[in-house]
Each structure stands twice: as structure tokens, then as C-alpha cells.
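Participant: Got two chains here, separate frames each, mind docking them using the hints?
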Amino acid sequence: MSETIVGLENLTKRCSVLEELKLGIARTEKVMSEPMVRFENVAKRYGTLSVLDELNLDIARNEKVCIIGPSGSGKTTVLRMLMTLERINEGVIWVDGEPLTHMRKNGQMVPANERHLRRVRGKIGMVFQHFNLFPHMTALQNCVEAPISVLGLSRQEAETRAAELLDMVGLSDKKNHFPIQLSGGQKQRVAIARALAMRPKVMLFDEVTSALDPELVGEVLNVIRKLGTEHDLTMLMVTHQMAFAKEFSDRVCFFYGGKIAEQGPPDQLFGDPQHERTRQFLSAVLEAR
Amino acid sequence: MSLWDWSYVWQAFPYLYRGAIVTVEATLLGFAIALVLGLVFALIRQSPNRYISTAMAEIVEFIRSTPLLLQVFFVYFVGPQFGIVIPAWTVGIGVLGIHYAAYCSECYRGGIENVEGGQWEACTALNLSPARSWRAIILPQAIPPIVPGLGNYFIGMFKDTPILAAIAILEMLQQAKNFGSDNYRYVEAITMAGLFYLVFSLAASAIIQSVSFWLNRRYHLQ
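Keeping their order, the protein sequence lines are chains A and B. Taking our numbering, the leading residue of the first sequence gets 44, the next gets one more, and so forth. Taking our numbering, the leading residue of the second sequence gets 136, the next gets one more, and so forth.
Just chain B, same shape as in the assembly (with noise of 0.2 Å):
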């Protein structure tokens, strides 16, 4: 037996292709979930009411120290209990979106809490509305700066698709184990799952960083 057979790399292709569907698909969908959703957080969070402000950050908090996986079973199987039925890939995007979801929120607070408060000032003395000034003063400016930490938990979500194997979804490194044990042959599988999860890993931080670079330019930040 070789160390290294090709013809499985071939024969376990379309299972390693099927699953990487997923995992991307899982991914873009979560990440829009945690991109709007984090920001809706941010900003309850930034609420002049000192208790909407309060709770949201202890939300932000507990969803942030409890595990990934804890939050995904306490929804897919407690949740029957008390007759809610989620189907298993609303399940895994919907978990993996809130999830991230409190780490961009404090991503996006940071951006929030850099701007200069001659900013806001300035919202006040032209007596923009706090909607108007949010939009078009401060958030474009609190976003093209934190844009390579969002990305990061982009990549960093991407990595933590594995955990939907838990919940019976097909994702890339389930099929890849999948294939590993229906032939008794694991090596291929696995290393090509990885090299994809690091060829996407690769390109997604060229691409943010570009977009980054991009934003920044665009709105004259430095």
C-alpha cells in the first residue's frame, strides 16, 4: 500500500466537491447573518437608554463565552424538546451567523467608538437626524478601518464550518472523513480538504485585504 494513491484522489473527488459547496455556501450565508446582524448589535449597543445598552452587551457576552458547538446543540436537539423544529441548515447558519455575529459587534464598536467626537458634533450643529448621521458620517467612516478584523472572523468562521458535522450537515471534512472510512483510506481525502480550506482561507484575506485597501481609498481615510 502507497503512502499516496491517486486514483483516490480522483474517485473522491465528487465528495470532496459536494462538501465544499456546502462549507462555502454555509459560510456566505453565516457571514451575512454576523456582517448585519453585528452591526444591528453595535448599535443597540450604542443606545442612549443605559439599559437596552446594558442588556445587549450581556447578550454580546454570554453569547461570546459559551462554545460554538453548546449553542448549536442547545438549539438542533433542546429545542424539539419545547416543540421547536428547526431544520438542520437553518439551524447551522442561523447559529453560525449570531455566533459570529457578537464578535463583529465588537469589531464594529471599536470602529464606532474611533470616530472623533467632533463628529458627532458636527452631526448636531447641522441638525442631521441620528439616522441620517449614522448612515452618512459615521459609519463610513467606523467601516473601512475595521474591515481586515471583520475579515478575520470571516476566515475564522470558515475554519469553524466542521462543527455542522455535528448536526448531520454534509459539510467538506465530513465527506472527506465520510470517504476516508466507506474506503478505508483516509490520506487523500483528508489532505485535499485541507488544502482547500487553506487555498480559500488564502484568497478570502487577499480579497479583504483589497477591499480594504479599496474602502479606504474611497472614503479618503487613511
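Just chain A, same shape as in the assembly (with noise of 0.2 Å):
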């Protein structure tokens, strides 16, 4: 009679084991079918300006994407947003699956104060069109001057990121330069080494090749390719370089005067494009190459 209890109970044991299993494994895929970023009926305003206009974008986990579209059409501004630089004026902005823009109190969605921008804010890195290195730093203080001072970490484990990530990008022999020391490739370089040393999950990279000259375009696209081979990351890219969105993203969304004009794959989008802006401004940048 006991041996039978004993078995009963250990038979529900192991079923709440196996649910509790499931449950698991429930989260987990919630968590990956969950997009990385979401942008929900944003909208942005310069006094009456309205520069975007109710965007929808969901970003996948490791999906890359391009951001193409004519000057003013606000495509910098959703990458100044996301990167907490800007602030909406409606809607929510969404990161690993919980709220950047805003946080929740009292079971209501309030305006996020610092502290919780600031938390939500180091699962992403941006790398400027300007570069905006810290020009009294060497390459390699300014990879390090982050990860010590805001995730804690020591001088040397800091310095040993730093080292790697710079040999990642070329630059193992120039860690002891200072930015004005450095040409406008190896600049943007040594900036996507220190975006990188904070471990973001999401990069955003923002028009990074506008000021470089021509020939210096390349070796940043290379390092931008390599990234997206070799890490899990998820890109948000604001582009000019049309081959490079074409062979690199997952998507490519055209943006026109505040909204998504057109998105899709980029053979389809850059192949077949629905939209007569689109046509229009594909074939007004590709005539000008």
C-alpha cells in the first residue's frame, strides 16, 4: 500500500517536473517569437512638424535591417529614438520584450524616468555618421572608459575586451592612437569596437560610411558584414550604400515622409519595387552612381 503511495507520488513529481519543463520551454520560444525591437504607433513631433507619423515596425532577433530613404523622410530619427536621444511624442518603443519608452507603475504604462532608460538603454549600441569618438583618448580608452565605469568591470578584463575587439576590426596596432591620429574609416572602426564592448544586443549603425572618403567605405562595410556573420545581433541600419543593403539585410523598409512607404526583402524591394516613390528613388540613386 505504501510502496503504491510512494509511486503515486513520485509519478506526480515527475509530471509536475515535466510541465514545469514545458512551461519552460513555452517562455523560451515566447521569447524568441517575441521581436527584439518594436515600434508601436510612434509618433514624432518637432513643435507642428510632424516628422514620423504612427510608425509599426517590428525587428526580429537577428534580423538585419536597412533603412533606406530620401533626406527627411525620418529615418535617422527612428534610429534617435530607439537610442533614447530623442523622445517620442506618442506611442511605445519596445526592446527585448519590454517597454524602453516607457515602464510600468501601478499596472499602468508611464513615461520612463532615467533609472529605467538608463537599464533598458545598455542592451543597445549606436555608431554615428560623425563617429563621435572622445578625441583625448586613445583608441583604446575609449573602447574601456564604458565597460569600467557603467558595467563594472576591471581595468583588465575591460582592456582584454577592448584588445579583441579592436583586433576584430583591424586595429590591434593602432590601440594606442588618438582619434585625430586615425584616418575617418579606422575612426568609425575603432567607434563600432566601442559600441561593441558594452555587449548590446541591438546596433544601430547610422549612416556610418556619409563621411568617409569613397575608398575608406569599404573596410567599414567589411567589419559591419563581418559582425552581422559572426554575432548574434540584431542590425538596424540607416544606409545611402544601395549594394550593401542589397546583399547584406534581411529587409529593407524605404521610407517616405514619415512612414514606411514600402518594405520587404531586398530582392524584391530593390527588384520589384511596388511603390512609385520607391521606383523613384531607386532610380534616382542608382543613376547618380
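Honestly, the hints are just simulated from the structure, not real lab data. Idealized CB from N, CA, C, for every residue including glycine. Errors might be hidden in some of the hints.
[Unchecked claim] Result set (EDC-like, lysine to aspartate or glutamate): computed pairs, CA atoms no more than 20 Å apart in a straight line:
| hint | chain 1 | residue 1 | chain 2 | residue 2 |
| --- | --- | --- | --- | --- |
| 1 | A | LYS269 | A | GLU290 |
| 2 | A | LYS166 | B | GLU256 |
| 3 | A | LYS244 | B | GLU256 |
[What the hints assert, rightly or not] Only some residues are given here: those of chain B computed to face chain A with a beta carbon under 8 Å:
| hint | residue |
| --- | --- |
| 4 | ALA260 |
| 5 | LEU261 |
| 6 | ASN262 |
| 7 | LEU263 |
| 8 | ARG267 |
| 9 | TYR354 |
Facilitator: In C-alpha cells:
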């Protein structure tokens, strides 16, 4: 009799373990299927000028999305809002399943405070058009500053990490150089290493080759290409390099007048654009080349 | 009576020496206050809270728009009527420091506003705290270029120290004058005091230039 009871107890225990396992798997699946970044009805205005209008955009984990469009179409604003450099006027931005621009308070969504922003923003890294390296620090110091003071790494850990990253971008011999001693392409590669040193899940690239001399564009794009294949990173990139967008991205979004006018896989968007504006833009861009 | 008598020069020397010590001390202490307090003023001025930053701007404007001598008198002579008695030396250095802090804060502000906006954006993107951004990123770029400007105020303050005589602090010029009235002989003492001001200003200016050069090189700024 008692043996039976023990047997039964074991069985129920196993069942509950199984249930928990299932739940765990379901949770993981949910996280995996959840978009890494979600713009939900996001609007941005400067005074009465509407820059972005009801933006809805989901970006999956590890997805590489390129944003193209004429200037003034709001494409850079998308990245700047995600990096919290610009406040949004309406909607919510989600990162990795949690709200970035808002936080939950007593079951309600309220605008995020600085503390919440700092926590969630840590998942995002950004590379700028004009590099924005710290001019008074060497390449290595640029890459260890935030890991030490924000992540709390020891100097040695941070330097090891930075050296690896500088090596990956092909600049191990320049680590003690100051930005002023580097070419534009080298500066931008340091900036990429600096952003990666924070181990972000999402990387934003804002026209990162636009300020470079033409012969230096390739070295930067090569690094980005390598990042895309060798690392689990969600990447969002505003670019004018159509050939690169075509070859690199999983999806291209064409922005026009503060809206996504058209989006789709690069082959489709470049090969068979549906929207009149897309056709015009692409023919203008390709003609210029 | 000759135009220049060397014996008076030697006689006046101990007076001038005592006065020079006071003048240099007042300048160094006052400027230390001005440098620190000026930076504090400038940082408060940058506060995202509009009321705080406007209030700071008004205070700075007020201090800059009234004479230093009046401020010294106000604290030293009006204060005691309200039961605020502060020793002359403290009043002198404190008011000099606060007065020049207002000027220095404008200098700092210029330096801070000259740092490219992209630097702040990089700080945000790297999630640096505001305190860390100021200390490690913004100020090291903001300060080296304004060292010559701050240096001008250092020399300006040095030349304003004779105002301390008004509240009975025996700085150098007052010592020279006292020596003159004691001996009915002004030319040597006053001339020597003038020479001392000149030499000190020139030396300070040279030091400021090399500090500026060194800082700009140290931080790899143009």
C-alpha cells in the first residue's frame, strides 16, 4: 500500500517537473518569437512639424534591417528615438520584450524615468555618422571607458575585451593612437569596437559611411558584414549604400514622408518595387552612381 | 631732494615684502575659490531644470553688474548691522572669489558649449552616467581651451587686490602708500609696488601659457 503511495507521489512529482519543463520551453519560445525591437504607433513631432507618423515596425532577433529613403524622411529619427536621443511624442518602443520609452507603475504605463532608460538602453549600441569618438582618449581608452564605469569591469578585463574587439576591426596596431591620428575609416572602426564593448543586443548604424572618403567605405562595411555573420546581433542601419543594403540585409524599409512607404526582402524591394516613390528614389540613387 | 633715493628703496623693502605676501596670498586663495565656485555656477547653469538654470544666470549677471568694491563694502559694513560679522580677511578673499567666480563661470560656459553635441550623444549611447560624462568626457574637452581666458581673470583679480585696502587689509599698494605718508616720500615705494605688479603679471601670463599648451597637448586637442 505504502509503496503504491510513494509510487504515485513520484509520478505526480515527475508530471509536475514535466509541466514546468513545458512551461519553460513555452517561455523560451515566446521570448524567441517576440521581436527584439518593436515600434508601436510611434509618432515624433518637432513643434507642429511631424517627422514620424504612426510608425509600426517589428524587428526580429538577429534580423538585419536597412532603412533607406530621401533625406528628411525620418529615417535617422527612427534610430535616434531607439537610442533615446530623441523623446517620442506618442506610442511605445519595446526592446527585448520590455518597454523602453515607458515603464509599468501600478499596472499602468507611464513615461520612463532616467533610471529605467539607463537600464533598458544598455541593450542598444549605436555608431554615428561623425564617429563621435572621444578626442582626448586613445582608441583603447575610448573602448574601455564605458565598460569600466558603466558595466563595472576591472581595467584588465575591459582592456582584454577592447583589445579583442580592436583586433576584430583590424586595428590592434592602432590601440594607442588618438582619434586625430586615425583616418575616417579607422575612426569609424574604433567607434564600432567601442559600441560592441558594451555587449549590446541591438546595434544601430546611422549613415556610418556617409562622412568617409569613398576609398575608406569598404573597410567599414567589411567590418559590419563580419559582425553580421559572426555575431548574434540585431542590426538596424540607415544607409545610402544600396549595394550593401541589398547584399547584407534581411529586410529593407523605404521611408518616405515620415512613414514606411514600402518594405520587404531586398531582392523584392530593389528588383520589383511596388510603390511609385520607391521607384523614383531608387532610379535617382542608381543614376547618381 | 633727489628724484630717486636708493636708501628709501631699502627702507621700504620690508613693508612691500609684507604687503606682497598678503597680495599673493589673497590672489591665490581668491582665485582657488573662483575656479571651483565658477565651475559649480557653470554646471548649475547647465541644469535641465529651466528655473534653476535661469536663477543661476541671474545671480551671475547680478554679481557681474555691480562693482567689486560695493560688494566688499556690503558684506563688511552692512553685514554687521544684521549681526553678520565676518573677519576682514575672510570677507576680502570670499568676495574676490565669488566676484571672479561669476566671470569664470561664463568662461566655463563658453568651453562647455563649445564641446560638440555628438560627444553627449556618444555618452548617452554608451550609457555613461551624467556625472561620469561630465568628469571624463565633457570637462576634459571644455577646460583646456579656456585656460587662457581663466588666466586673464587670474591676472585681473591680482590687479584688483588693492581694493582690499578699503577694509583695512594691508596689501602691497596700501603698504607702499603708508610708507610714503610716513616718510613724505612716495616715488620709490609706489614705483617698486608697480614693478612688482608688472613682474608678477608677466610671470603669471607665461605660466598660464605653458599650462594651456601642456593641457591641450595632454588631451590631444588642437
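Participant: A separate judgement is required for each hint: does it hold in the structure or not?
Facilitator: Against the structure, the hints:
1. For the suggested pair LYS269 of chain A and GLU290 of chain A, the alpha carbons sit about 13 Å apart, so the restraint of at most 20 Å is met.
2. In summary, the hint linking LYS166 of chain A to GLU256 of chain B is supported, as the alpha carbons are separated by about 16 Å, within the 20 Å threshold.
3. Simply put, LYS244 of chain A and GLU256 of chain B have alpha-carbon atoms about 19 Å apart, close enough for the 20 Å limit, and the pair holds.
4. Below 8 Å, beta-carbon pairs count as interface contacts, and ALA260 of chain B has one with chain A at about 4 Å; its hint therefore holds.
5. With a least beta-carbon distance of about 4 Å to chain A, the hint placing LEU261 of chain B at the interface is held under the 8 Å criterion.
6. This hint holds: ASN262 of chain B has a C-beta 5 Å from the nearest C-beta of chain A, less than the 8 Å allowed.
7. Interface restraint check: LEU263 of chain B against chain A, minimum CB-CB distance 6 Å, threshold 8 Å, status holds.
8. Because the beta carbon of ARG267 of chain B sits about 5 Å from the nearest beta carbon in chain A, less than 8 Å, this interface hint is met.
9. The interface hint given for TYR354 of chain B is met, as the beta carbon of that residue sits about 4 Å from the closest beta carbon of chain A, less than 8 Å.
Violated hints: none; the structure is consistent with every hint.
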